[in-house]
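*Asks:* So the sequence shown is numbered by the working numbering: it starts at 83 and just counts up by one.
Hints in this document: simulated from the structure, not taken from any laboratory. Note that beta-carbon positions come from the ideal geometry of N, C-alpha and C, so glycine has one too. Among the hints, erroneous ones may be present.
[Said to hold, decoys possible] What follows is a set of in silico ranges between Cβ atoms, one per label pair, in the way DEER data are often shown:
| id | residue 1 | residue 2 | range |
| --- | --- | --- | --- |
| 1 | VAL292 | ASP221 | 18 to 28 Å |
| 2 | GLU197 | VAL279 | 51 to 61 Å |
| 3 | VAL93 | ALA195 | 17 to 27 Å |
| 4 | ARG165 | SER268 | 40 to 50 Å |
| 5 | ILE220 | TYR278 | 26 to 36 Å |
| 6 | GLU100 | MET272 | 32 to 42 Å |
| 7 | ASP260 | GLU222 | 29 to 39 Å |
| 8 | PRO128 | GLU157 | 16 to 26 Å |
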Amino acid sequence: MARIAIGLNAVIVAVTDEVPRILTVRRAADGTAAAGLVEEALPFGPLEPETDRTLDRGLRRWVCEQTGLALGYVEQLYTFGDRDREWPEGAGGTRVVSVGYLALVREREAAVAGEAHWLDVYGFLPWEDWRGGRPRVIDEAIAPALERWVEFVQKGQVKGREVVSIIPQSEIDKVQKDTPPHANSSKVEMLKGGEYVRLWINKGGNHYLVHLPA
Numbered sequence: 083m084a085r086i087a088i089g090l091n092a093v094i095v096a097v098t099d100e101v102p103r104i105l106t107v108r109r110a111a112d113g114t115a116a117a118g119l120v121e122e123a124l125p126f127g128p129l130e131p132e133t134d135r136t137l138d139r140g141l142r143r144w145v146c147e148q149t150g151l152a153l154g155y156v157e158q159l160y161t162f163g164d165r166d167r168e169w170p171e172g173a174g175g176t177r178v179v180s181v182g183y184l185a186l187v188r189e190r191e192a193a194v195a196g197e198a199h200w201l202d203v204y205g206f207l208p209w210e211d212w213r214g215g216r217p218r219v220i221d222e223a224i225a226p227a228l229e230r231w232v233e234f235v236q237k238g239q240v241k242g243r244e245v246v247s248i249i250p251q252s253e254i255d256k257v258q259k260d261t262p263p264h265a266n267s268s269k270v271e272m273l274k275g276g277e278y279v280r281l282w283i284n285k286g287g288n289h290y291l292v293h294l295p296a
């Protein structure tokens with residue numbers, strides 16, 4: 083019979099000087115408290131069925147032990163229980179069902195101890211930091227990555243994803259000898275005797291080429 087463990091995870095958030103902050107604890111990268119490679123993690127721990135009368139009380143116990151913080155109001159957010167999420171397929175390990183909670187506190191009133199400390203949320207999610215205008219990471223990394231992927235949807239379901247070749251107008255003659263579509267239009271062609279389909283889009287001074295098996 084498969085073994086199941088319930089993990090309790092706390093997302094403890096404060097807003098200090100208009101900056102969202104999150105409480106983390108330092109622990110070894112393998113999830114233990116042993117010395118070695120250390121990473122930031124949310125306060126968490128397993129439910130103890132023999133002593134934790136409720137999930138809520140188990141969460142509060144773990145948070146207090148790891149951070150010294152006595153939580154007030156907490157709200158259950160989501161439950162993650164996909165098979166093989168914690169262990170490789172076929173490893174025969176315990177299946178972990180993780181229950182996430184949200185707690186809102188005031189940082190200056192929430193004294194913490196041990197390996198707990200506050201970090202800026204923007205350090206983890208830089209694309210959300212619009213205080214100085216549009217975040218640079220959007221144009222430098224995120225947008226180019228998204229432009230290179232297209233999804234093919236049929237009847238509301240994604241049927242496939244393909245990489246897009248993006249070629250500027252000044253270089254399209256070096257790459258494709260065929261006549262390109264007119265500006266802001268597209269065309270579909272059969273290649274190699276009908277083995278492949280090419281979708282060619284001419285938009286905004288760039289040519290987008292997608293090749294698919296027929």
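*Asks:* Could you run down the list of hints and mark each one as holding or not?
*Replies:* Each hint, compared with the structure:
1. VAL292 x ASP221: 18 to 28 Å: holds, 23 Å
2. GLU197 x VAL279: 51 to 61 Å: holds, 55 Å
3. VAL93 x ALA195: 17 to 27 Å: Between VAL93 and ALA195, where Cβ atoms are some 19 Å apart, the hint holds.
4. ARG165 x SER268: 40 to 50 Å: holds, 42 Å
5. ILE220 x TYR278: 26 to 36 Å: This hint holds: roughly 33 Å between Cβ atoms.
6. GLU100 x MET272: 32 to 42 Å: Roughly 57 Å apart at Cβ, these two residues miss the hinted range, so it is violated.
7. ASP260 x GLU222: 29 to 39 Å: Holds, at about 33 Å.
8. PRO128 x GLU157: 16 to 26 Å: holds, 21 Å
Hint compliance for this structure: hint 6 alone is broken.
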